[in-house]
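Colleague: Take a look at the letters that make up each chain.
There are 2 protein chains.
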Amino acid sequence: MKPSPFTPKAFPSLPPIEGFDMAVAKAGIKYEGRTDLWVLRGVPGTEIAGVFTKNKCPGAPVDWSRTALNAPVEPDAPRLILVNSGTANVFAGQKGRDAVIACAQGLSGTFGGRAESVFLSSTGVIGVALEAAKVRAKFPEMLAAMHSDGWEAAAHAIMTTDTYAKGAHIRTEIDGHSVQINGIAKGSGMIAPDMATMLAYIATDASIGQTALQEILSDCVDISFNAITVDSDTSTSDTVLLAASGTVTPDKIVTASDPRLTGFKAALKTLMLDLAHQIVKDGEVASKFVEIEITSAVDDKSAKTIALSVANSPLVKTAIAGEDANWGRLVMAVGKAGEPADRDRLSIRLGDILLAKDGAPYAGYTEAQGAAYMQRSELKISIDLGLSTNSGVATGYARVWTCDFTHAYIDINADYRS
Amino acid sequence: MKPSPFTPKAFPSLPPIEGFDMAVAKAGIKYEGRTDLWVLRGVPGTEIAGVFTKNKCPGAPVDWSRTALNAPVEPDAPRLILVNSGTANVFAGQKGRDAVIACAQGLSGTFGGRAESVFLSSTGVIGVALEAAKVRAKFPEMLAAMHSDGWEAAAHAIMTTDTYAKGAHIRTEIDGHSVQINGIAKGSGMIAPDMATMLAYIATDASIGQTALQEILSDCVDISFNAITVDSDTSTSDTVLLAASGTVTPDKIVTASDPRLTGFKAALKTLMLDLAHQIVKDGEVASKFVEIEITSAVDDKSAKTIALSVANSPLVKTAIAGEDANWGRLVMAVGKAGEPADRDRLSIRLGDILLAKDGAPYAGYTEAQGAAYMQRSELKISIDLGLSTNSGVATGYARVWTCDFTHAYIDINADYRS
Numbered sequence: 001m002k003p004s005p006f007t008p009k010a011f012p013s014l015p016p017i018e019g020f021d022m023a024v025a026k027a028g029i030k031y032e033g034r035t036d037l038w039v040l041r042g043v044p045g046t047e048i049a050g051v052f053t054k055n056k057c058p059g060a061p062v063d064w065s066r067t068a069l070n071a072p073v074e075p076d077a078p079r080l081i082l083v084n085s086g087t088a089n090v091f092a093g094q095k096g097r098d099a100v101i102a103c104a105q106g107l108s109g110t111f112g113g114r115a116e117s118v119f120l121s122s123t124g125v126i127g128v129a130l131e132a133a134k135v136r137a138k139f140p141e142m143l144a145a146m147h148s149d150g151w152e153a154a155a156h157a158i159m160t161t162d163t164y165a166k167g168a169h170i171r172t173e174i175d176g177h178s179v180q181i182n183g184i185a186k187g188s189g190m191i192a193p194d195m196a197t198m199l200a201y202i203a204t205d206a207s208i209g210q211t212a213l214q215e216i217l218s219d220c221v222d223i224s225f226n227a228i229t230v231d232s233d234t235s236t237s238d239t240v241l242l243a244a245s246g247t248v249t250p251d252k253i254v255t256a257s258d259p260r261l262t263g264f265k266a267a268l269k270t271l272m273l274d275l276a277h278q279i280v281k282d283g284e285v286a287s288k289f290v291e292i293e294i295t296s297a298v299d300d301k302s303a304k305t306i307a308l309s310v311a312n313s314p315l316v317k318t319a320i321a322g323e324d325a326n327w328g329r330l331v332m333a334v335g336k337a338g339e340p341a342d343r344d345r346l347s348i349r350l351g352d353i354l355l356a357k358d359g360a361p362y363a364g365y366t367e368a369q370g371a372a373y374m375q376r377s378e379l380k381i382s383i384d385l386g387l388s389t390n391s392g393v394a395t396g397y398a399r400v401w402t403c404d405f406t407h408a409y410i411d412i413n414a415d416y417r418s
Numbered sequence: 001m002k003p004s005p006f007t008p009k010a011f012p013s014l015p016p017i018e019g020f021d022m023a024v025a026k027a028g029i030k031y032e033g034r035t036d037l038w039v040l041r042g043v044p045g046t047e048i049a050g051v052f053t054k055n056k057c058p059g060a061p062v063d064w065s066r067t068a069l070n071a072p073v074e075p076d077a078p079r080l081i082l083v084n085s086g087t088a089n090v091f092a093g094q095k096g097r098d099a100v101i102a103c104a105q106g107l108s109g110t111f112g113g114r115a116e117s118v119f120l121s122s123t124g125v126i127g128v129a130l131e132a133a134k135v136r137a138k139f140p141e142m143l144a145a146m147h148s149d150g151w152e153a154a155a156h157a158i159m160t161t162d163t164y165a166k167g168a169h170i171r172t173e174i175d176g177h178s179v180q181i182n183g184i185a186k187g188s189g190m191i192a193p194d195m196a197t198m199l200a201y202i203a204t205d206a207s208i209g210q211t212a213l214q215e216i217l218s219d220c221v222d223i224s225f226n227a228i229t230v231d232s233d234t235s236t237s238d239t240v241l242l243a244a245s246g247t248v249t250p251d252k253i254v255t256a257s258d259p260r261l262t263g264f265k266a267a268l269k270t271l272m273l274d275l276a277h278q279i280v281k282d283g284e285v286a287s288k289f290v291e292i293e294i295t296s297a298v299d300d301k302s303a304k305t306i307a308l309s310v311a312n313s314p315l316v317k318t319a320i321a322g323e324d325a326n327w328g329r330l331v332m333a334v335g336k337a338g339e340p341a342d343r344d345r346l347s348i349r350l351g352d353i354l355l356a357k358d359g360a361p362y363a364g365y366t367e368a369q370g371a372a373y374m375q376r377s378e379l380k381i382s383i384d385l386g387l388s389t390n391s392g393v394a395t396g397y398a399r400v401w402t403c404d405f406t407h408a409y410i411d412i413n414a415d416y417r418s
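Quick note, the sequences are listed as chains A and B, same order. For the first sequence, the positions run 1 to 418 when my numbering is used. For the second sequence, the positions run 1 to 418 when my numbering is used.
Accuracy of the hints is not assured; some may be wrong.
The list treats identical chains as interchangeable, and a pair is accepted whether it falls inside one copy or across any two copies.
As the list claims (entries may be wrong) - With a Cα cut of at most 35 Å, we get these calculated DSBU-like pairs of lysine-lysine:
1. Lys95 - Lys301
2. Lys54 - Lys265
3. Lys252 - Lys26
4. Lys95 - Lys380
5. Lys357 - Lys252
6. Lys30 - Lys54
7. Lys357 - Lys56
8. Lys56 - Lys269
9. Lys56 - Lys301
10. Lys26 - Lys357
11. Lys380 - Lys30
12. Lys56 - Lys95
13. Lys30 - Lys357
14. Lys54 - Lys301
15. Lys54 - Lys357
16. Lys357 - Lys95
17. Lys380 - Lys54
18. Lys357 - Lys134
19. Lys30 - Lys301
Hints were generated in silico from the structure; no laboratory data involved.
Isolated chain A (complex conformation):
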């Protein structure tokens, strides 16, 4: 496939994170001659938080991992995450569920610990059961190959229709101790064939209790991975895991609101936004990267609903592809969200250019201004709802990110399986 116009020059530098090692393998699940299997191992005591797809028909690996979040962990056992590409192992009936059990048992048999606390993710085509035997056969050689410096290789092993591997690294401090965070992700914007699962794995050497970790992860997912959309379709396999080995900071912080975590939370948000934007920007189908900002909504939730209504509107997305500053469609998309809005108070900006004010085209705006702006590859659309509450101007705020709908979107999604 044609690489995305947003392809980064190089994979970022991801150093080892204390407490973690890993290996990749070529199991031949679907692809020939490339890696399709990754094991991440955290030292005993590593805490893991997870967020999964809200799709009501999730894959068997998601069911398994959701249970693993609350499964008892042997205190001396390693924490294990296994990811394969090539098949999503979704809608594969009993065969698919059996494969999940066989992989988890095989992995814990080789690496130690209980099968029930192993995390599993699968990504690829739907309706094809994972062949557990192929996967299990690789565990001994993967155990022998475990090493700490494999993040770029891991990012490649989990790719499906991605046109580039996605990774990010950030350094922060907790209570004076230097802490690192690495993250890798896959997904070409949820737009690619067969749901293009969005997967992300984040590891840190910070020492944070599971409950606090889960709360922090959920908050960060809301404003990063859950604030990107390419076509409104929700994968059956989406998974984000955050593992904290606790190897560098002396005492475990157990409350998410602990002020010592302020810097860590900000760093994690930055890293997750970076990965989320990389996902939207991949997709050989996208020619524009678009930020939608909503201000003066009744609350943040309402603002996000409206932002996603705009970001998911096919009429808005095709206008962007056509470099058409079609603010009429923006008004429509605001209105169809069903949230409080007042046509006669709306203002719309493209970057700094005011297009519409108080529910009518702005007198000083010219089509030429809009047309020039729309030629950029990164766009910002700001819509101020101008609402008031009893206590003054409404402050509901949201930002989401999306891309345009192009001919290539139709091509790849219409022709994929044939």
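With the hints as your guide, set chain B onto chain A.
Modeller: The following block gives chain B in isolation, referenced to the frame of chain A:
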């Protein structure tokens, strides 16, 4: 524009309906050399029911008509509906609101009655105020030209990007009296540029009270115009009006549940479904007409939410364009609806072909079967959720209609304004 592959051979025969006359005119609002204005007049005593867009940023004409529904009517005055094409008069600020008042006052001034009880619809480009003077200048000649046999001309006058005029006629009985219903509609599947407003006007000579008429119309809209979707975008101007002159049946029926209305309600549903399907089938962008049927949902509302989730999924719609029997995307779209569903109970059929059963590919299904079926231009996708309730199998049911996403969709919507 290229005509739709579903273009009917001829406009259907719509006879005059007792109690109604009409005229069209060329006001030059945007188009040159074609009609763009229509007045429908009902005799005094004509009852009118209406359903309008749920978009929170509706056009000024929609605001006006919604108020007109409850406005007092002079008993001896005619009932009037005025429709223009060429501009939607939406998001045009005070100028747009002034134009609405001027048109309503002009119309009632020429034809009689109160301005407040006039119904107005505008369809066309957004952000351009209607020039009321152009419209009002035509009223005297329209008054002089009023005649009862103008339905086909009316259907043409209200077109924007439609590739064919849409009309339907049906005859039924109320309490032994023969009753007629005519309907015209416009909208090329909500897919066409700038929201392609869906407008429909239905007239009958039956004698039905306004409250009953409103209830019947709302019920029929739910399973017809509100059960079609092309791209999930909701126009700011959608309007359906049903006018009953009461000229042929002696006593006015005032209760929607009156058993004498059974035949009328069935006939109205048939006529409205016919018009709704004509709208989906228009759109030079559609190559497939698709019925989505959901059975065994927890209730009808849940079934419809799931049906629309499937019908609006860009991944499902591009697969249909590519003639790919991609049932994995159907599973995803069922799950993303957020309604009760159980992956392991789902069954999926294309026409009579069973693809998947109990949450797994059906053993007897071959890809060749699916591929052959998908080449048809009219498709039926049936998804049985297989849910149970305390009292047995769940009976929630819904049908919706949609079309595929093609390259032409991108073309027309990306390039329209430039």
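Colleague: Which constraints among the numbered hints does this structure fail? Numbers only, ascending.
Modeller: Numbers 3, 5 and 19 - these are the hints that the structure violates, sorted from lowest upward.
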